[in-house]
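Colleague: All chains should be modelled from the sequences, with the hints used to inform the complete structure.
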Amino acid sequence: MGKTSGAARDAAEPGLRSSPRGGINAAARDGTTLILLFILFVLPLVVLLVSSLASVWTFPRLLPESLSGRTYMYAVSQGREIFASLLSSAGYSLLTVAAVFFMTLLPARALARWDFPGKHLLDALLLVPVLLPAMTFSMGIHVIFIRTGVSDTLAGIVLVLSIYSYPYMLRALISAYMRISEQYSVTARNLGGGFFYTLLHVEVPMLLPGIAAGASVVFLVAFGEYFLVFLIGGGAVDSYTGYLFPFLQGSDHQTASLLTLIFLFVPLLLFFLMEWTTSSIYRKRGLEA
Amino acid sequence: MNRKHSGTGKTLLLAGAAGILFLLMTLTGCSGEQEQMNWIDKEFDEIEEAAAGSTVNFYMWGGDARINAWIDSFVAGELEERYGIRLERVPMDASVFINKLLNEKSAGKQEGVIDLVWINGENFKTARENGLLYGSFSGKLPNFAFVDPDAVSTDFGYPVDGWESPYGKTQFVFEYDSAKVPDPPSSFEELSEWVRDNPGKFTYPQPPDFTGSAFIRQAFYAVSGGPDQYMEDFSEERVQPGAEKLWDYLRSIKPYLWQAGETYPQNKARLDFLFERGEVLINMDYNPTAASGKILDNRYPDTVRTFIMEGNSLANQHYVSIPFNAPNVPAALVTADFLLSPEAQYSKNQPATWGDMTVLDLTRLPAEWARKFEDLELGAATLPFEILSRNSVPEISAEYVEYLEKRWQEELLQ
Amino acid sequence: MIRTRTGSLILHLMPILIPFAALFMTGIIITVLQSFGIGFALPEGTGFLSAYREVFQSPFFLASVRHSLWIGLVSASVSVMTGMFLALLIWNTTSRVKKYSVVYKIPLILPHITVAFIVIIIFSQSGLLASLAYQAGLLSEPADFPNLFYNKTGTGIILSYIWKEVPFATLMVLSVLQKLDIRYIQTGTMLGAGFFRKFRHLILPHIAPAVHTTFIILFLYSFGAFDIPFLVGESSPRMLSITVFNLYFRAQLSSRPQAMAILTMMFLFSMIFITLYTRAVTAVNPKARRI
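Line by line, the protein sequences are chains R, Z and F. Under the working numbering, the letters of the first sequence match residues 1 to 289, in that order. Under the working numbering, the letters of the second sequence match residues 290 to 703, in that order. Under the working numbering, the letters of the third sequence match residues 704 to 994, in that order.
Keep in mind that the hints are not guaranteed to be accurate.
Unchecked claim - Residues from chain F shown here face chain R by an in silico Cβ test under 10 Å; the list is partial:
{"hint": "1", "residue": "G710"}
{"hint": "2", "residue": "L712"}
{"hint": "3", "residue": "M717"}
{"hint": "4", "residue": "L720"}
{"hint": "5", "residue": "I721"}
{"hint": "6", "residue": "G730"}
{"hint": "7", "residue": "E757"}
{"hint": "8", "residue": "V806"}
{"hint": "9", "residue": "I821"}
{"hint": "10", "residue": "S829"}
{"hint": "11", "residue": "Y853"}
{"hint": "12", "residue": "G927"}
{"hint": "13", "residue": "F933"}
{"hint": "14", "residue": "L943"}
{"hint": "15", "residue": "F948"}
{"hint": "16", "residue": "F976"}
Unchecked claim - Quick list of in silico lysine to aspartate or glutamate cross-link-like pairs, EDC-like style, CA-CA up to 20 Å:
{"hint": "17", "chain 1": "Z", "residue 1": "K490", "chain 2": "F", "residue 2": "E757"}
{"hint": "18", "chain 1": "F", "residue 1": "K855", "chain 2": "Z", "residue 2": "E551"}
{"hint": "19", "chain 1": "F", "residue 1": "K882", "chain 2": "R", "residue 2": "E275"}
{"hint": "20", "chain 1": "Z", "residue 1": "K695", "chain 2": "F", "residue 2": "E757"}
{"hint": "21", "chain 1": "Z", "residue 1": "K543", "chain 2": "Z", "residue 2": "D486"}
{"hint": "22", "chain 1": "Z", "residue 1": "K331", "chain 2": "Z", "residue 2": "D466"}
{"hint": "23", "chain 1": "Z", "residue 1": "K695", "chain 2": "Z", "residue 2": "E526"}
{"hint": "24", "chain 1": "F", "residue 1": "K882", "chain 2": "R", "residue 2": "E81"}
{"hint": "25", "chain 1": "Z", "residue 1": "K469", "chain 2": "F", "residue 2": "E844"}
Treat the hints as calculated values from the structure; they're not laboratory data. From the three backbone atoms N, C-alpha and C, an ideal C-beta is built for every residue, glycine too.
Modeller: Set out below in structure tokens:
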């Protein structure tokens, strides 16, 4: 997979096109796709922005009758609470990612590479927590946590979020494992590497794209979760969703809009960081993104 | 690589055993027996001393930015300065924290995380019936001397007995834009005509939403002759004739409502949206100064005003209480007391902060405070205090509320 | 050092099986037990199945079930197909612009609770889209705009789910598409295959496992989730999750077994659905990887 020459690289652009890349057609196609994506996914954010600045805004105006900085002043005055809860949410979300990674790395390895009786059943069974409504098992877990003193703690939140989101990481790791050849590990072991050494220095680096994908999803699921965090955390652990939720239920749309936009900030930041690092790592190693 | 032995089987057995062990542990285990100290018997100076330097966790509904801001800035600030207490406000719906306390009670959790809660009505009744509260404490609070105990002796018909301490009063009003609605109705009969003249421009939140439920309660009073007959304990015979008239009334206005009454806004927030966008012309709120506040916030045009139905405007109080397993009872007591202080009540009463009416009895206050309250500017959209109190009607017991809510679903939604 | 293959397998699976059993399975078991009334001080004469009996006797229950199934089906199908479509579009973009296409992930970042809120602002009869239509001369007052949130078909919920789920489907399909060897497509082109041919025979089989997994996830999620219906749902019929919430949080303690009963049934339904669906997929194409 080395560097390809210019023309060959052009032709190697993925896609269904019958015509080669370049030219007006491609630009038009690109343009339409981008416009569609922006209308679908970015425009609503713009609406939120306008809403956060609106005072009175009635139908059928496209823009508010008048603007006001009230919501921004509120956010500034609440700055400490907002920042603390964002930090807390990010904190337990990252801890969940770590916990989930340790929970699923070895099982993914086994499920990807080995065949054993009951494997398909196990595969399906392990997917179940992400399919079931959280309520189904969270009420029961809460009782357990209360009795073992783990409720209203950070550990409790991380545990329940892990059990709720691990299948994403598991899936991602299994797919990633299936895409790398066993030969690398075999070679490494033959050369004298121990089990964990091989795992950490040979397999994990090759799994990185899968890990990144799984980690993003797990982080987002944990970061955006309201019900579980509140049930198990009991309000003793700060969360931004807990802070935001009453506003979404209430009628102050303007403040809710602003707080939603603030919510976006942390994952967006992390996302950009990740996209940027992974693509630069890839570029450095000459891999296709 | 196939296997002869069922590795999976053994693994699952092991895991299953671990799980069952866990299960048994949790179902049979019990948290340590830890008796709550009885702070109510102590002197208030002792309580204040014990509270100094600690944190109080106040769990309350968090859906109103202004209330949050008042608690976070004024109340938290004063508590810190006067008593050295740090206030942590935790936004949580009453039904959710009641549920949490229920879980903790049945699991035997003697030390929880909630010190103080904002509570009233049905939730208070549930809390009392399930032993979720600490004790009868309001009589202990020094500032309770400013309150008329008879005015706060029942909460939705349920005896308070000091198990919760009042801190605000509120009353049900309707809101409208005087620039668009020149002649609002002043009785439910007139409302009936108004909706015929203005089809599709009125609706109410679907019970069991708090505001929607209050709306139908008032309609219930109007068609059945008032709340006095329901002050006794709940009985189906007593409520049924009036209820039938209520369903008839609501069905009669149904075709002229928004969406022809086929569907209703799920909650007050949705109704607010409809009103703010101009889809309906009349709003309602269980807070007489909310409209003035929204005008100050630039959410309403300054032509918005409020009206009430003559002789038929629901009023109630809201309270704070202390859970059975509160970890910091002294600080909770001090906070409850502070909320009853004239300073806090006055600050709360300003439309610019919250606008919530005071529970203090002006005749029991020192003269200068009484005057301050009387001179308080309540906002252009707020009705004068005398009009509000003259037309106020009390709440009836929570069982009536539940009955009406449940039957509304059956009668109006089918 | 572990020598036996079985021992190795057990060690490999332990990190997930222990939490799975201790937390997840016990959580479910407790739910089921509570649905039979175990663990509650219930009045005399309530049998093990009283909660189930009361649930089925409720006139609203069947309507809720139908409603939840309908919403699950429509949301998942539309999301999966749209997601697939978007994934193809993005896959087709040139690398110059590809990095901008990452905006499709925005709904993934937002929690479900905010998506409901956004959809209300935009799609209400007096919302932004209606205002746009008014400016374009398409309607003259809010009532002319389609009533999406207050009809019995749950369109508001479906729209919210779709906006949130399409990026998930796109993500799943894209991650598989990107591993597709481009030479297959080029060969197809050289042999004269048109767009649909290439899609059906080259791409679809490759992405099918991801599509099936996504559909299952999205269907069951839309079927049973709570956040969005709580904020957007209409009067009736009600989603099952809301019924459970009301029974658990807003009713008497004695109603809790009913909530647990509904949850137990939802659990059983989900398990049966997964089994049947994966069986059906295998029956159609025995060689395909099922999940």
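Colleague: Each hint should be assessed against the structure and marked as holding or not.
Modeller: Against the structure, the hints:
no.: 1; hint: G710; result: violated (12 Å)
no.: 2; hint: L712; result: holds (6 Å)
no.: 3; hint: M717; result: holds (8 Å)
no.: 4; hint: L720; result: holds (8 Å)
no.: 5; hint: I721; result: holds (9 Å)
no.: 6; hint: G730; result: holds (3 Å)
no.: 7; hint: E757; result: violated (18 Å)
no.: 8; hint: V806; result: holds (5 Å)
no.: 9; hint: I821; result: holds (5 Å)
no.: 10; hint: S829; result: holds (4 Å)
no.: 11; hint: Y853; result: violated (16 Å)
no.: 12; hint: G927; result: holds (3 Å)
no.: 13; hint: F933; result: holds (8 Å)
no.: 14; hint: L943; result: holds (8 Å)
no.: 15; hint: F948; result: holds (8 Å)
no.: 16; hint: F976; result: holds (9 Å)
no.: 17; hint: Z/K490 to F/E757; result: violated (39 Å)
no.: 18; hint: F/K855 to Z/E551; result: holds (10 Å)
no.: 19; hint: F/K882 to R/E275; result: holds (18 Å)
no.: 20; hint: Z/K695 to F/E757; result: holds (16 Å)
no.: 21; hint: Z/K543 to Z/D486; result: holds (13 Å)
no.: 22; hint: Z/K331 to Z/D466; result: violated (53 Å)
no.: 23; hint: Z/K695 to Z/E526; result: holds (16 Å)
no.: 24; hint: F/K882 to R/E81; result: violated (44 Å)
no.: 25; hint: Z/K469 to F/E844; result: holds (16 Å)
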